Amino acid sequence: MRNTHHLFISKGVIKLMYVLAYDISTENANGRKRLRKVAETCENYGQRVQKSVFEFQLDDKKFLMMRNEVLELMNKKKDNIRIYKIIAPKDNYVEEHGNFKSVDYDNDTLLI
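Going by the numbering used here, the first residue of the sequence shown is number 1, and it counts up by one from there.
No lab work stands behind these hints, which were simulated from the structure alone. All figures in this text were calculated on a predicted structure; none of them were measured in a lab. Be aware that one or more of the hints could be misleading.
Here are the simulated lysine-lysine pairs, BS3-like style, with alpha carbons at most 27 angstroms apart [unchecked claim]: (1) 37 to 77; (2) 33 to 15; (3) 76 to 61.
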């Protein structure tokens with residue numbers, strides 16, 4: 001069930017929408033390994049919407065777990081990770097164009 005502040009309530013747990021974008025330095029093998037691990041970690045929690053951008057619908061506990069896992073992987077001197085919390089209705093701020101299939105978190109189905 002969605003409300004006007006873009007909160008999701010699933011089984012009594014409040015979830016928010018987050019967007020994470022990353023730029024991982026791939027100058028060497030360690031960087032390429034970090035890139036794969038960051039992507040795999042993000043895939044465990046949300047959906048990829050572009051090559052280095054993920055969307056998540058997470059409760060506070062899962063968000064902190066995902067955030068901490070990703071931050072542990074990054075090289076703070078070479079990499080950049082940005083996390084955005086979407087606190088208003090996503091439809092007011094996000095436009096989607098082109099070939100993309102979004103997950104309907106409420107029903108766990110794909111939308112076309």
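Hints, verified against the model:
The suggested pairing of residue 37 with residue 77 holds, with an alpha-carbon distance near 17 angstroms, which does not exceed 27 angstroms. Between residue 33 and residue 15 the CA atoms are separated by roughly 30 angstroms; this puts the pair beyond 27 angstroms, and the hint is violated. Taking the CA atoms of residue 76 and residue 61, the gap is about 24 angstroms. The hint holds against a cut of 27 angstroms.
Hint 2 from the earlier list is the only one contradicted by this structure; the remaining hints agree with it.
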